[in-house]
Structure formats: structure tokens, C-alpha cells
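K.L.:
Okay, here's what each chain looks like letter by letter:
2 protein chains.
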Amino acid sequence: MSKIIIEARVNEIATRKGNPHVPFLPREVIADAKACYDEGAAIVHFHGRTEDGAPNHDPAYYLEANAGIRAQSDILIHPTLGYVANDTDAKGRFAAIEEMMKSADTAPDFAPMDTGSVNVDWWNPEAGAYDTTELIYKNSTGTLMYFADRIRHYGLTPYLVSWNVSFTRQIEQFLKMGVLSQPAYICFCMTDEIIFAGHPGTAKGLDAHTGFLPEGFETVWTVVNYKGDLFELTEKIIREGGHISIGLGDYAYADGARNLTNAEVIAKVVAQARSLGREPATVAETRKILNMQDRKIAA
Amino acid sequence: MSKIIIEARVNEIATRKGNPHVPFLPREVIADAKACYDEGAAIVHFHGRTEDGAPNHDPAYYLEANAGIRAQSDILIHPTLGYVANDTDAKGRFAAIEEMMKSADTAPDFAPMDTGSVNVDWWNPEAGAYDTTELIYKNSTGTLMYFADRIRHYGLTPYLVSWNVSFTRQIEQFLKMGVLSQPAYICFCMTDEIIFAGHPGTAKGLDAHTGFLPEGFETVWTVVNYKGDLFELTEKIIREGGHISIGLGDYAYADGARNLTNAEVIAKVVAQARSLGREPATVAETRKILNMQDRKIAA
Chain L
1 MSKIIIEARV
11 NEIATRKGNP
21 HVPFLPREVI
31 ADAKACYDEG
41 AAIVHFHGRT
51 EDGAPNHDPA
61 YYLEANAGIR
71 AQSDILIHPT
81 LGYVANDTDA
91 KGRFAAIEEM
101 MKSADTAPDF
111 APMDTGSVNV
121 DWWNPEAGAY
131 DTTELIYKNS
141 TGTLMYFADR
151 IRHYGLTPYL
161 VSWNVSFTRQ
171 IEQFLKMGVL
181 SQPAYICFCM
191 TDEIIFAGHP
201 GTAKGLDAHT
211 GFLPEGFETV
221 WTVVNYKGDL
231 FELTEKIIRE
241 GGHISIGLGD
251 YAYADGARNL
261 TNAEVIAKVV
271 AQARSLGREP
281 ATVAETRKIL
291 NMQDRKIAA
Chain F
1 MSKIIIEARV
11 NEIATRKGNP
21 HVPFLPREVI
31 ADAKACYDEG
41 AAIVHFHGRT
51 EDGAPNHDPA
61 YYLEANAGIR
71 AQSDILIHPT
81 LGYVANDTDA
91 KGRFAAIEEM
101 MKSADTAPDF
111 APMDTGSVNV
121 DWWNPEAGAY
131 DTTELIYKNS
141 TGTLMYFADR
151 IRHYGLTPYL
161 VSWNVSFTRQ
171 IEQFLKMGVL
181 SQPAYICFCM
191 TDEIIFAGHP
201 GTAKGLDAHT
211 GFLPEGFETV
221 WTVVNYKGDL
231 FELTEKIIRE
241 GGHISIGLGD
251 YAYADGARNL
261 TNAEVIAKVV
271 AQARSLGREP
281 ATVAETRKIL
291 NMQDRKIAA
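Just so you know, the sequences run in chain order L and F. In this text, residue positions in the first sequence follow our numbering: the first is 1, and each later residue adds one. In this text, residue positions in the second sequence follow our numbering: the first is 1, and each later residue adds one.
If we strip away everything but chain L, and leave its shape as in the complex, we get (with noise of 0.2 Å):
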């Protein structure tokens, strides 16, 4: 079997309600970041948060953060883009991570693009009722061709993430234009409990994910399960030659009564593949699986 890419999602924008581990500020990111590469992790992925937990969008939060991560691994980093919290235009999106390619220590390896829209407004179960009902998640066509266009120039490597079988499709097309190289990195998005935007984190909504991967071209595909416990599906991943992205930014995972911290998240999966013959993949093996190039650090 092939070697397993593991990413850790330690924080996205997850309060310490559930669990109280979530790293929000760079020093307490950089310590989880190191703690998931011991354990297996080869990619982080995390967002910028204030000392209070809120959505930190100022690009000096990643430069700190993706600088101390450097310094301590050469894990992957996978930045966001700021998700539906940062509604302005295709530059505007962009704008962190150019200030990041300014210098090696605070360069990305990946930059995300979300290939298409859908409505994410949040779920209030105790109400039964939308607590949103403005949120759409828009990423145009053209917005999309910017992003990868600037992902081309840098060289770094587009993380592809699929929220529905119209996404997918438009990932087909992108391959076809060239506006994607192969092979595809493609993060199936599956959402629960209080987000409805994905397909539901079952065996049914995952085959709903992979029986689209684009035909005659070169694909790998990662799974996420946004607010709901992916090990239901871990060990099916395993198996069908997928990997895996998962984190406390995603749910509050526990053992009992007691918390995980991502560190212990990221061990448990590890666990699980090698007991069914995958190993984690080393960076310099994923780099190779995604067929990763060199970055292009702005002049």
C-alpha cells in the first residue's frame, strides 16, 4: 500500500468550548505544529486567531506563525485564504499570502483554492433553526483562474478543496485547461452537525465524493470531515488509498471524558494506518506523491 499523507487542521475557527487544546495564537500553532510532525503529520493547515479565539486576518499573524514553524520542521504549510470571513476580491483574498512569499522562512507550500460556491450559513441544533443566513461561500470562476495563476508563479502547489460534485467537475475542467497541473490534490469536504454546505460524513457521502475524481487524469485525494468525527471513516480512507486531514479545527475530538490535544489526534490516525499497512508519508515522500516544485520567493 502507499504511503498516507497526514494533515493537521489544529485550529480553523473552533472555540475551546468543546476542547479546550485549540491553539489560537502563533507560539501555541507553532508548539502544535511540531507535535503533529513528531507524531506523522507532513502538512499543517491552520488560521489566524486573536488571544480571544476571534478570526485574525493580519498577515503578520502568518509571517510569525509560519516562521516559527520553519524554524522547528519542514512540515508543509498550508495557509487559508480566510474562508468566507474574508468576503473581498480575488487580490484582496491573495493578499496574506503574497506578503508571505517575500522571504523562505515565512513561505507557504500550498495555497487553498475552494473550486466553486455554496451557501455555509451555521446550524443551530438546539434551536433547529439557521443562526446565519447571508453566508455564501463565493468563489467565482475567474477568482478561481487569479488564484491559480499566482500558485503557478510562486510554484507553490494548489490544495484543492471540493465541497460537492460541482466542484469536482469544475476541478475536471481546470485540468483540461491546464489552469491545474497534475496531479490534482483534492480535499473532499464533508460537513455535520452544524454546517450542511458538504456531503454528510458517511461512507454514502464519501462514494458521492470519489465516484467523481476527474477520469484520465492524475488525482490524490484527502478527506475532511468540518464539525463532524472523521475516524467513522478513517479506516475506509485507509483502505481505498485516500489520506487523511483532521484536526481540533474540525471537532472537538476526545477519548472518553478526556480531550485530545492534535498531537494525540494526529497519533491516533497514524495508529489506525499502519495497523492496516500504510505508513505516513515523510514531507520529502509527500512532496514527491504531489509532485511539489520548487518555491519562487517575490524578488
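Just so you know, these hints were derived from the structure itself, not from any lab. Using N, Cα and C, we set each Cβ at its ideal position, and we do this for glycine too. There's no promise every hint is true.
[What the hints assert, rightly or not] Derived lysine to any residue pairs resembling SDA-like cross-links, with alpha carbons at most 20 Å apart:
| no. | chain 1 | residue 1 | chain 2 | residue 2 |
| --- | --- | --- | --- | --- |
| 1 | F | Lys204 | L | Gly211 |
| 2 | F | Lys138 | L | Ile195 |
| 3 | L | Lys204 | F | Glu215 |
| 4 | L | Lys204 | L | Glu232 |
[Stated by the list, open to error] To spell it out: a stretch of chain F is covered by chain L in this simulated footprint if at least three of its residues, at any positions, have a beta carbon under 8 Å from a beta carbon of chain L; those stretches are:
| no. | stretch |
| --- | --- |
| 5 | 118–125 |
| 6 | 138–151 |
| 7 | 192–203 |
| 8 | 208–214 |
Could you slot chain F onto chain L? The hints should help.
P.N.:
Here is chain F on its own, set in the frame of chain L:
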């Protein structure tokens, strides 16, 4: 086997290059509605067009067409809100229906709700590139709740269009909230050839729609292939208890070199359904299947 609801989708924004029988003007739509009704269609759906075929959002078009259709048969009328071409606010998008509701002669029976947002750019197969790059079909949760409220106010039946699993999950949440009544009438949208926004028009594409019908709720489903040949799936749909929405608005249906009329397309579907043991539902039977209410004409 249960009766099958056949809907004639007579023109959408299709040109006459592929098939010269596409109706544009009200008198042409009125004639096609009657001809399709005579062949077994219970619902007619059309878009306002000018003599040259351009989109025509003038409410006067719909008032004239609806009144003409009503004068000839009791076929159920399913209007458009103008799709992505009418990118105003919720009230603006519903304005034409408010006008239609002022008289029983012009009031429709359905109003559409596309229950989510999706990129709907046009693909150019010859160029191998997108012809448009900024077409996001935006239907926010708040806008959809506004539509549902007005639809309920007028005793109309919501015609729910799902482009992918995210749309179907939003329908499920609306059923939980009571924003939608049962049965939910859901049109699963497949797309092909020049638009990749829906599921592919294949058995797998259809299964990835029907597999996510809200559980625990009464639903009735129909299928459209926008820009693909739905006849590749009609036998499967008929056997699985689905309903069919089809016409020259979606695809330039032909019999060999001979272009079919809308009525001939409907006759072909009806013949196939009968050969598989399903009679077309009359208007009265359709009203019963969908539990349609009496319309409330605006005072």
C-alpha cells in the same frame, strides 16, 4: 407502479440553432403548452423571450403567456424567477410572480426555489475554455426563506431545484424547520456538455442525487438534464419511481436528422413510461401527489 408526472420545459434560454422548434413569443409558448398537455404533460415551464430569443423579464410577457395557457387547458404552470440572469434581491426576483398573483387567470401553480448557490459558468467545448467566468447563481438561505414565505402566502407549491448534495441537504434543513411542507417536490438537476454545475447526466450522477433524499420526510423527485440528453436516463428514472422534466429548453432533441417538437419529446417520454407500466399523471392526479393547495389570489 405509480403515475408519472411529466413536465414540459419548452424553451429556457435555448437558441434555435440546435432546434428551430424552440418557442420564444407568448403565442408560441401557449401553442406548445397545449400540444404538450395533449400528449400527457401535466406541468409546463418556460422563460420569457423576445422575438429574437433574448431573455425577457417583463412581467407582461408572463401575464400574457399564463392567461393564454389557462384559456386552453388546466396544465399546471411553473414560471421562472429569471435564473442567474435576474441577479437582484429576493423581492426583485419574486416581483414577476407577485404580478402574476393578481388574477386567477395569470397566477401560476408553482414557484421555483433553487436551494443553494453554485457556479454556473458556460463551457465552450470547441475552445476548451469557459465562455463566462463570473456567473455565480446565488440563492442565500435568507432569500430562500423569503421565497418560501411568499410561496406559502399565495398557496403555491415550491418547485425545489437541487444542483448537488449541498442543495439537497439545505432542503432537509428547511423541512426540519417547517419552512417547507411535505411532500417536498425536488427536481434533481443534471448538467452536461456546456455546463458542469450539476451532477453528470449518468446513472452514477443520478444515484448521487437520489441517495441523499431527506430521510424521514415525504419527498417526490423529478429529474432534468440541462444541456444533455435525458433519454439516456429516462428508463432508470421511470423504473425507480421518479418523475421527468424534459423539453427543447434543455436539449436539441432529434430523431435522427429530424428535429423533434416539444410535443414529440413529451410523446416519446409518455410512450416509454407506458411501456414500463406507468401512466402519465393527469393534472388532478399531479395535484394530489404533490398535495397542492388552493391558490390565494392577491386582493
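K.L.:
Decide, hint by hint, whether the structure agrees.
P.N.:
Here is what the structure says about each hint:
no.: 1; hint: F/Lys204 with L/Gly211; in the structure: holds, 8 Å
no.: 2; hint: F/Lys138 with L/Ile195; in the structure: holds, 18 Å
no.: 3; hint: L/Lys204 with F/Glu215; in the structure: holds, 14 Å
no.: 4; hint: L/Lys204 with L/Glu232; in the structure: holds, 12 Å
no.: 5; hint: 118–125; in the structure: holds (count 4)
no.: 6; hint: 138–151; in the structure: holds (count 6)
no.: 7; hint: 192–203; in the structure: holds (count 5)
no.: 8; hint: 208–214; in the structure: holds (count 3)
Checked against the numbered hints given earlier, this structure breaks none of them.
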